[in-house]
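Q: Given chain A, put chain B in place with the hints provided.
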Amino acid sequence: MLRIECPWCGPRDETEFTYGGEAHIARPSDPAACSDAQWADYLYLRSNPLGAQREQWLHAAGCRRWFNVRRDTVSYEVTAVYRMGEGRPGGDT
Amino acid sequence: MAQYSWFSLLRHGLSHHERWPRAWRSPAPKPAYDAVIVGAGGHGLATAYYLAKDHGLTNVAVLEKGWLGGGSVGRNTTIVRSNYLWDEAAHLYEHSLKLWEGLSRELNYNLMFSQRGVVNLGHSLHDLRDLARRAHANRLNGIDVELLSPERIKQRVPLLNIAPDVRYPVLGGTLQRRGGTARHDAVAWGFARAADARGVDIIERCAVTGIRQDGGRVVGVETERGFIRTPKVGLAVAGHSSVLARMAGIRLPIESHPLQAFVSEPVKPVLDCVVMSNAVHVYVSQTDKGELVLGAGIDAYTGYGQRGSPHVVENALAAVVELFPAFSRLRLMRQWAGTVDIAPDACPIIGLTPVPGLYLNAGWGTGGFKATPGAGWVFAHTMARDEPHPLNAAFTLERFTTGRLIDEHGAAGVAH
Chain A
14 MLRIECPWCG
24 PRDETEFTYG
34 GEAHIARPSD
44 PAACSDAQWA
54 DYLYLRSNPL
64 GAQREQWLHA
74 AGCRRWFNVR
84 RDTVSYEVTA
94 VYRMGEGRPG
104 GDT
Chain B
594 MAQYSWFSLL
604 RHGLSHHERW
614 PRAWRSPAPK
624 PAYDAVIVGA
634 GGHGLATAYY
644 LAKDHGLTNV
654 AVLEKGWLGG
664 GSVGRNTTIV
674 RSNYLWDEAA
684 HLYEHSLKLW
694 EGLSRELNYN
704 LMFSQRGVVN
714 LGHSLHDLRD
724 LARRAHANRL
734 NGIDVELLSP
744 ERIKQRVPLL
754 NIAPDVRYPV
764 LGGTLQRRGG
774 TARHDAVAWG
784 FARAADARGV
794 DIIERCAVTG
804 IRQDGGRVVG
814 VETERGFIRT
824 PKVGLAVAGH
834 SSVLARMAGI
844 RLPIESHPLQ
854 AFVSEPVKPV
864 LDCVVMSNAV
874 HVYVSQTDKG
884 ELVLGAGIDA
894 YTGYGQRGSP
904 HVVENALAAV
914 VELFPAFSRL
924 RLMRQWAGTV
934 DIAPDACPII
944 GLTPVPGLYL
954 NAGWGTGGFK
964 ATPGAGWVFA
974 HTMARDEPHP
984 LNAAFTLERF
994 TTGRLIDEHG
1004 AAGVAH
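Protein chains in written order, with my numbering: chain A, 14 to 106; chain B, 594 to 1009.
Pulled out of the complex, with its shape left as it was, chain A reads as follows:
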């Protein structure tokens, strides 16, 4: 079981959260202007990295707010937690 530190509520068990997939994927501002390839990239293509990953979580059974997590996909260790709109603390990885 993961232990995730909600930026508002503090550390809680994984069962309180809902996983929201890869973070920092911006919805194209003008979908109608996208090519099929650009739309497919937004909709379906994922980095799925081995190692550090930025991802979204929702504190569903708590404050019900979304936030971002940097987690290692092999050790599952959570290495950073930050609120939406706070950029990418810790650099590019």
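For the record, the hints were derived by calculation from the structure and aren't laboratory data.
Simulated restraints, written as ranges between beta carbons of each label pair:
(1) 649/B - 99/A: 57 to 63 Å
(2) 839/B - 104/A: 17 to 23 Å
(3) 48/A - 900/B: 35 to 41 Å
(4) 745/B - 90/A: 46 to 52 Å
Covered, in the sense of this in silico footprint (three residues per stretch, anywhere, with C-beta under 8 Å from a C-beta of chain A), are these stretches of chain B:
(5) 845-856
(6) 989-1001
Here are some chain B residues pointing at chain A (derived, C-beta under 8 Å):
(7) 835
(8) 895
(9) 898
(10) 902
Remember, predicted model here, so these are calculated numbers, not experimental data.
Ideal placement from N, C-alpha and C gives every residue a C-beta, glycine not left out.
A: Chain B in isolation, oriented as in the chain A frame:
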């Protein structure tokens, strides 16, 4: 290849089974091959076998970063069936099931393929309508299926609780009699032995670290044991597909999740078919040793760690105990996880890639084991002819751009 038979068993019995020859060689990699397959799991080894047998391509290497059959082929819950909804998927899985039916004899290896029947349960009116729709689609595609009432299911699975007063009562189901189980390790070993006998080099502990291109074409792979030149590289690496594809600059519509399974202590025969429920996310069968093999749904987060979270196990066991109250006294002996590569439409990607000479067999998600012979068969065709077989023509990478998805989330469930 030494033929296995009653006679060889008897003869080796006389020497206390101490003189059995190795089932396959352990060669050093050659500098060049006509084709290289990455991943010595079920799919990779089956591909190598069919490349050699059907397409005359024997100068082939299968590269494996760990040990043969140590990934998903040895971590699934061994279920084989073909009752998929859409024509494209149904034809592919049915082709695979037909290959299974003659495979032990063909490979001269006992795969313990047992067509004991697969029961899918429905727990709501919507479930039943969905099962009926899928059953009718199966019949139109020539796939055997029967719709069952709770009483008929009870006759077939006496320990199943069909009482109406549980949280998710059993309201009906389907049965595919030709479905069943196979010994998963034996599938990898059988294909390995048969491919090796036809000249294929299986090279373990040889991780691929790069895919070298020249003029936009694949010219070989960088490995832990040096560069290997080859014009054709086939990826059959399941959970690590995104990692390998990235080496060739390709982003995939795939996310890798942990999927957990567990076995109970062995008991006398209590369950002679496979029982699956998509709604409560569990599937169970009993091995010849007597252990119950149980599987859970995927963990929500992505991960390559080959382990998941305990609450997922707890959810699956709660469902098992409600369906089979008698199982509540059993203890679990082992618990593990594999890494499954999930595509957005729960269907595989088998075909060419934007890089000439690079071929992809990925995205089987939770359901790759049952497709092992069929996937190898169509992937070998795709690699040898440089074009997909009609059976896998729809399973392209481009479908995520064109929008021509094959949504099998209902039939894929989580069982494999």
